[in-house]
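Protein chains in written order, with the working numbering: chain S, 1 to 215; chain G, 1 to 215.
What the hints contain is simulated information worked out from the structure, not anything from laboratory work. Keep in mind that a hint or two might mislead.
For identical chains, the list gives no copy identity; a pair is met inside one copy or between any two copies.
[Said to hold, decoys possible] Capping the alpha-carbon separation at 20 angstroms, the derived lysine to aspartate or glutamate pairs in EDC-like fashion look like this: (1) Lys56 to Asp38; (2) Lys56 to Asp23; (3) Lys56 to Glu24.
The model shown is predicted, which means the values in this text are computed figures rather than measured ones.
One letter stands for each residue in the lines below.
2 protein chains.
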Amino acid sequence: MTAEHRPSEPVVRPERLVSAPHDEGVDAATAAARRLIDALLRAGDHTDTDMADVAKQIDALADQLTERAPGLEERLVTMWQGTGVTRHDPVTGPENALAPPLELTGQEDGSIQGTVTLGLPYQGPPRCAHGGVSALLLDHTLGVANHWAGLSGMTAELTLRYLRPTPLFEPLTVTGRQISVDGKKIRTVGSITAGGRACVTAEGLFIAKQLPRPS
Amino acid sequence: MTAEHRPSEPVVRPERLVSAPHDEGVDAATAAARRLIDALLRAGDHTDTDMADVAKQIDALADQLTERAPGLEERLVTMWQGTGVTRHDPVTGPENALAPPLELTGQEDGSIQGTVTLGLPYQGPPRCAHGGVSALLLDHTLGVANHWAGLSGMTAELTLRYLRPTPLFEPLTVTGRQISVDGKKIRTVGSITAGGRACVTAEGLFIAKQLPRPS
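Could you put together the complete structure from these sequences and hints?
Here is the structure:
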């Protein structure tokens, strides 16, 4: 940080913008749960596995965790402690098995960028990402781009343009960049590309406000 | 069906538009996996559970299923057999643990409607649904509304307007309706409401084409 650098300005070097996953604790169990979601979909009812027994084992694990978990209100408080990126969101969160997860990095030019390879659970058309999954990735990425640019808010309007199908099973590049701030109105754009070709673009209008954090 | 009824017209009575979940087989294991995803998020690293052991048990189940599962190409073929709604999609699919799942029903007036209660894995702002999750639900619902109206296609453009936060933990009503067809261009609208108040509205432009099914 130079003497001229003000705290509200983005730090001008690439920086990881998602919570680093740990190889232990709940992050490891969540990574395993992602493998299980994929495996269930691959198996379907097309194996000789005793699925009633599989269901029983998964239910037992869920019961064990639920019994020991803090109450919902208490957990919401710990989830929302601290500043910056979250560990629980459904796009990047290392504690959320819905998240592919997408890894995002703040760039020196003020934009952010990430990569992700989507598997079978994210399928819409055959062999392609669900259009709504692309929307989910982009809404989140635009939000993080606002955070990286120094002023974030809540989505007011989001427009997605689907240029070509987004493939599963290969690396996708997801980008976001804040383009303007006018009072409380923030405009942000982003895209998903595969092999250098744009598949989906997004334009978002965000309003600079936040809901209160649980306390 | 009256003598005047043509097969391409929607049947004019409410009809379940998502695959009925079974209480056995992979559907039961998938329902258990949804409970596990939620339980992991509720527990976080805030319990005395041996998470390394939990991870090991989940990994063992994933390994067991993956080893017995058909190959990916073979599985893609079975996934896409038949007509109508899918069992594997990330919104309504009884075989996909990412799906909340949303249950959709075709209405006599040509629209479709469904209900869903979203839990912690779908959180964006505190206690509210992630804006991208609302986009995912609506993109899918608009697509199913097109199917119900008799002509479906792929999303070309989707615009979402966020009117107020969408709450977690209470029943949401998701609706969709095809409003026009002009050549290959299909226009469709939808909304998510909570307690009778609109939270998110969507307008979609779809193009009447389909990617080839794996065979």
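Which holds for lysine 56 with aspartate 38 at a C-alpha limit of 20 angstroms: within a copy, between copies, both or neither?
both (18 angstroms within a copy, 16 angstroms between copies)
What label fits lysine 56 with glutamate 24 when the C-alpha limit is 20 angstroms: within, between, both, or neither?
between (25 angstroms within a copy, 11 angstroms between copies)
Checking lysine 56 and aspartate 23: alpha-carbon separation at most 20 angstroms within a copy, between copies, both or neither?
This pair counts as between: shortest inter-copy Cα distance 12 angstroms, intra-copy 26 angstroms.
Checked against the numbered hints given earlier, this structure breaks none of them.
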